[in-house]
Amino acid sequence: MIHFDRFKLDNGLTVLFHKDVTTPMAVVNVLYDVGARDESEEKTGFAHLFEHLMFGGSCNISDFDSPLQLAGGESNAFTSNDITNYYDVLPAINLETALWLESDRMLSLSFTPKSLEVQRNVVIEEFKQRYLNQPYGDVWLKLRPLAYKVHPYKWATIGKDISHIEEVQMDDVKSFFKKYYNPSNAILCVAGNFEAETVKSLVNKYFADIPGGIKPSRVLDAEPKQNEFRNQTIERNVPANAFYYAFKMPERRSEGYYMADLLSDILGRDKSSRLYVALKKEKQLCSEINAYITGSHDEGLLLISGKLNPDVNFEDLDIALWKVLRIVKESSISESELDRIKNKNRTSREFENQGILNRVMNLCHFELLGDANGINEEYKIYEAINANHIQEIAIEMLQPTNCSLLKVKAS
Amino acid sequence: MLNRSLQPELKSIDKIDFVTPRQFDITANTKLYFMKDVSDETSRLDLYFDAGTTIAKPVISSLVNGLLLSGTPQKTSIQINEEIDALGGFYESSVSHENAVVSIFALRENLLPILRIVADAIANVAFLDSEVKELISDRKQRFLVNMEKVSFIAQRQFQERIFANSTYGNILQTTDFDSISHQELRSFYTDNYLNGLQKVVVVGNVQQDKIDEIIDLVGAWSKPQQSTFPGQFSNLKGESHLVKEGALQTAIRVGRILFNKTHTDYCDFMVLNTILGDYFGSRLMSNIREDKGYTYGIGTLLGELHETGYFLIATEVGKDVKAATLLEIQREMFLLQSELVDAEELQLVKNYMIGQLLKSADGPYALTDLFLGVETFGLTLEFYNKSIDAINNITPERIQELANKYLKWEDMTVVSAG
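Protein chains in written order, with the numbering used here: chain A, 1 to 411; chain B, 1 to 418.
Calculated from the structure, these hints are not laboratory results. Fair warning: this is a prediction, and the values are worked out from it, not measured in the lab. It is possible that part of the hints are untrue.
[To be verified] List time: in silico DMTMM-like cross-link candidates among lysine to aspartate or glutamate, alpha-carbon distance up to 20 Å:
(1) K281/A - E134/B
(2) K200/A - E9/B
(3) K11/B - D138/A
(4) K322/B - E126/A
(5) K342/A - E109/B
(6) K342/A - E41/B
(7) K19/A - D5/A
[To be verified] With beta-carbon atoms standing in for the labels, derived distance ranges:
(8) L220/A - D212/B: 57 to 67 Å
(9) D5/A - E109/B: 29 to 39 Å
(10) N146/B - E166/A: 23 to 33 Å
No residue lacks a Cβ here, since even glycine has one placed at the ideal position from N, Cα and C.
Please model the entire structure based on the sequences and the hints provided.
Here's what the structure looks like:
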């Protein structure tokens, strides 16, 4: 059981406190309810570029990192299609410095032209390093627009194209900040060996006078139901042919999400999974094969991806793969297999919540999904899933008309 | 009214509690370390074998490591994996220069049952032809994919030149995969796994009698004699470049042979290392990323081996700024040699390093890893208290002295790929 307190400031900031008496460290985590899905199609990659700018100095503090390092701490952040999350880890005795820093950049940034110029270049290098200069690195840049035709998940967090990053103006930066970076659009979590009252009063001291702003409403274009099999092949200078089958799956807040999660485990999480055993071990068609989900808030994807063995063609793989999927749809999974999947799921959850930083990030994430206590409730949802659920979700999802296939052909 | 431009008063860390795991002697050479104080249900077990890449062909040690669960005369690899998965366990194995590590992650109630399965699998590897062939083919493909990455190409070349004329510099070649004899695999397995156990590590709230059972299960693999390691290394100085057609970025590796924790300059050098490139505000990050925007990241590290260590600067930069980056790296090294670090920067680095040490001592898993980081060198956790003293007492003059001694550009191996 992970305990936490929750309170809200008058300006709309949601605050969580997680007490951990075993650690000498403190964690301060701020989740902003904004991600790449909130960008406009003409200015993609912006939420992520903005994350970089959040380290370029705020209205009263010229540099974010130095005071934190002086306090013995460090910081980082990540952006996804759904959220932007910042965290600071520092010795508990210096908690106040992290609150001071996070509150000042929530109040306002310094918006220096130098910061924009440099971070623009840094992000362009990140774009190259992660997506363009890696074998198979651009797969998600191709797969997203194949699977999504309308919803903003059709572009990757890094952006559709480098040119979008190159063209960002300071005005874009300022209006983005104004719209999304305010207390009513954020969740703060503080963790460590503190008294709740101390945390409350410190949070009030630093955050209470930040103007609340208006929580931006999110109206995204809904993705129309996919009714066709989509298939695209790209040729790249890579050593092996690779395949990516992407099936639409239920959104994060639905029960179907959890069923699809277990379904992906059954298909291809471990070396005892269906696809691994049938396609790799028995038929020797591929050198690797995995199934996993994107974990998206809106309608997400269940992926089956892997690389073909030399001298195996895509068609043979395709036939064998659909045969495995057909079996999952046609016959019910045994109790022992389902238990195995749930046991693995439970172990990974225990390890995931082992570290204080992970617990804090998960608390914020669950709070955004509706209730931080979800972190304690989730296992019940998994436990309640039975073989019928698995079969139903498999029948619903694992259809060619719900699938987008990207093939990377070695040229 | 809150003055937002003033940093809240800072407090300094006066003490860090380092906790040593309990030690059990399996044999004179093989120990078991047990960290029991875990407040949740998680547990971890590591088996360290004298089965690294430097005592045979790298491809042989890597393949044997990958074949440990490939099946026994009684069970297929699929059955073995199914049994481990049914108990919710995670199995990992890896190889480095000087050893191979097999790890199990599990809920504590399942740790022993999973170890029984793993121990039986490791004790009776059948080296089935189909499994061996499959792994060779997989590894070859993975190698070819890696060879498309400039970072991998540069790192390989760096390893070859930094450990010149020693088995540590032996790197994998594509052709290595084409001539593998079962006999080589089997004898490496017998010599270095079945008779190669160096240590066992258990983290988790398991009962004492389980420790005895763990020793019963794996103790027979204990290495009969102490492992030995070569000591004399020297790096090939100077620049070299490997061309990778079509690459958008160039990977850079700069470094030299240095030392490990047993050397008297180690603790002080770590302060210099941090200033130069081992934190977000380092000289190299501030200059090459945060001022020039040439890269997504640049960092330095001190890699440690049993008898030596090496210093490394690593980055990937836009292909048109390779020369400019090398010049800036050179400049930053020169600056540390010619000018004293100012008091403010040094204070920041000291506070940062002690804060990070506190973090590395946070919780049973971190504490165990901290302990393993000194145990290899025959040191105790007292090393970290000494290291705190070194950080607190170091002067700008001492840092300059070390920069002159160890960071001369002409001593460096400089490798790039792109």
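Can you give the numbers of the hints that this structure goes against, from lowest to highest?
-> Of the numbered hints given earlier, the structure breaks just one, which is hint 3.
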